[in-house]
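Student: Listed here are the chains, written in short residue letters.
Number of protein chains: 2
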Amino acid sequence: DQLDLSEGLLSCVSSSEACKASAEPRNYGLMDGLPEAKALMAGIMEVSPEELVVGGNSSLNLMFDAVSRAFTHGVTEGATPWGKLACVKFLCPVPGYDRHFSICEHFGIEMLPVPLTADGPDMAEVARLAADPAVKGMWCVPKYSNPDGGCYSDATVRTIAALTPAAQDFRVFWDNAYAVHDLYEPVSVLPIGAAAKQAGHPELVLQFASTSKVTFPGGGISAVAAGPETLNWIKKCMFFQTIGHDKVNQLRHVRFLQDIDGVRAHMRRHADLLRPKFEAVQTALAQSFEGTGFASWTSPRGGYFVSLDVYPGCAARVVGLMKDAGVLMTGAGATWPYKKDPKDQNIRIAPTCPPVAELVTAMELLVLCVKLAVCEKRLEELGA
Amino acid sequence: DQLDLSEGLLSCVSSSEACKASAEPRNYGLMDGLPEAKALMAGIMEVSPEELVVGGNSSLNLMFDAVSRAFTHGVTEGATPWGKLACVKFLCPVPGYDRHFSICEHFGIEMLPVPLTADGPDMAEVARLAADPAVKGMWCVPKYSNPDGGCYSDATVRTIAALTPAAQDFRVFWDNAYAVHDLYEPVSVLPIGAAAKQAGHPELVLQFASTSKVTFPGGGISAVAAGPETLNWIKKCMFFQTIGHDKVNQLRHVRFLQDIDGVRAHMRRHADLLRPKFEAVQTALAQSFEGTGFASWTSPRGGYFVSLDVYPGCAARVVGLMKDAGVLMTGAGATWPYKKDPKDQNIRIAPTCPPVAELVTAMELLVLCVKLAVCEKRLEELGA
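Each protein sequence line maps, in turn, to chains A and B.
Sequential numbering of the first sequence, starting at 1, is according to my numbering.
Sequential numbering of the second sequence, starting at 1, is according to my numbering.
Only chain A is shown next, with the shape it has when bound in the complex (with noise of 0.2 Å):
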């Protein structure tokens, strides 16, 4: 259903005379991106577009590529290529995204887990572990955030663009995959651009965005806003990484798209086939678990997922009960740095893609599987 909804992004650019625009779309050229798409990804990242440089389908391959970059050559002109270091850190807000903490184990990068709070991550803790020359990066979801769904504080964001790391190549990796997926009326995070500016960390952030769950996951676009020197370091890099992304279907997302009222508009309609579905999550979970102790759940606004903590030491139990019933979920432990929750009680919910009925049948599994799960877990610890 909600692929239907983006039907016309594939009849909107439909000729040759529709490819009319500011450049020719189909021919080589404007590695950056065509300049409408530039505009369009810049209203929903509230930057510039002369900050952005506009990506092919994939916002994670954006963020490969910039730790990719900065290990072979650097996060900018002259920087020590991460590579030549005998040890590179990154934090990690927990519970967080497990394709974040991917790209960390795929590069050898050490994890250090920071407690996600209602406001965003414990920035005190975050400090702290900043003055290490070797901790390089720090990933941010900070709108609905994967998997709780929450958003950062305007505090929180004024803190972060603030920070004076040790390392002057320290990047936080904002990845602004929810920025406009409010399900019911929009939140604001503060844009971190403007903030870093203000605090005078022009270069602190690379921020990342793509349309994959505003049009469609396998054909969307992508984009990655930096700091002057840092962006112009990325599209020199660029130079020698490709001829240029796909700029028919940045064209088409323009023609569909057309700005970000067109993006809000749109994304109401998301909403309108997704909130049934959160809703129906937060009734099951309120009906059987309120006031029982088995578990706490998060309530978001918007994004994609729905963090359920359990009894500790019951996660994976749960997730295999559920395995074996027939559903399958993301992994337990999945959110945590190395796919270890230390205490074994996160599990993240993504309400989005069963029809309401399916999902209202495997949320009553998901009540039974956590209910037996906790009752094994309690007996065991009373010596039973």
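A hint or two may mislead.
Some chain A residues judged to face chain B by a derived CB distance under 10 Å, without partners named [claimed, not checked]: (1) 4; (2) 9; (3) 11; (4) 13; (5) 25; (6) 64; (7) 65; (8) 71; (9) 81; (10) 84; (11) 107; (12) 159; (13) 210; (14) 218; (15) 219; (16) 248.
Lysine-lysine pairs mimicking DSBU-like chemistry, simulated, CA-CA at most 30 Å apart [as the list claims (entries may be wrong)]: (17) B/20 / B/84; (18) B/213 / B/235; (19) B/377 / B/323; (20) B/89 / A/235; (21) B/84 / A/236; (22) B/235 / A/323; (23) A/235 / B/236; (24) A/84 / B/235; (25) B/340 / A/235.
Simulated from the structure, these hints should not be mistaken for lab results.
From the three backbone atoms N, C-alpha and C, an ideal C-beta is built for every residue, glycine too.
We have chain A already, so just place chain B on it with the hints.
Tutor: Positioned in the frame of chain A, the structure of chain B alone reads:
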């Protein structure tokens, strides 16, 4: 005109209904490509679908990624990352493609030029140089080589397939950019994949191709093929890199081009547009320079370039004179590693872009500039 030949690509997948394929192209999944697209690219590359991964708009990006991956993680599981080595060298048949050489420069790879003969690279020289374990790779454009337009002979392909370099992790970077780009009757270059398997070197070659000059340079698809171990490694590493490339665009290419027969029919329409341009270049050069000693040139049966060798020491002067007269050509030296043509004689002519009338004028100008530069040079040599 060439872009308009592929107008049908824009409308062949224009509804949700039209997205029905062996798998859902709009959603996540199928990181290595839509099965139908793998089959299409396999037809172009003369390999099996399971031997390749479909990429995004740019095969250069796949080549860059292959080199970058080799530097950070090695060419295959367990191989030493090239970034850990003091020195990495590549063999570069000359004249060659500047973007290949740029990737090498970007990664600090030392480039060793190898003469390109009418049959392909000088294989005695290749074998001699590949005895150095620091030599890790070799660039090849086997069909309608960039810029000279020649094709590797069967004997050369077999000799490459049988190569036993000192380095276990040596790879041939087989950029089959013009695999189907015949101007006249199709020319067959022996498939390197089969030859390498037959020679007992299934992992020796990485093959690349794209539809940049088939459909849209700004909206095509690409692919990389490799031996089973290397391809597994590529897929393993890709998991960390991306959620997958644009599968909707892959489906568009399948619908529009159908299969290798469809591709060949489509390329005949390109050839009809390009042939007069290539012939205008040949006519201009033959009329002015045949038997003069001012210049020699290639007469490609396909591809995108004509290689012009002017009297030694004159190439930079010719390109400079052309620029002064308002015609921008590929920089002199671009076809050599480090942009240094030791004899300053090679110029790459790209006849594809301008309309025939403009091309004829540009060629008249080029002829004049060559005459002027060569006369200057000869006078200088005669001490006049």
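Student: Check the structure against each numbered hint from earlier and tell me which ones fail, lowest number first.
Tutor: 12 and 17
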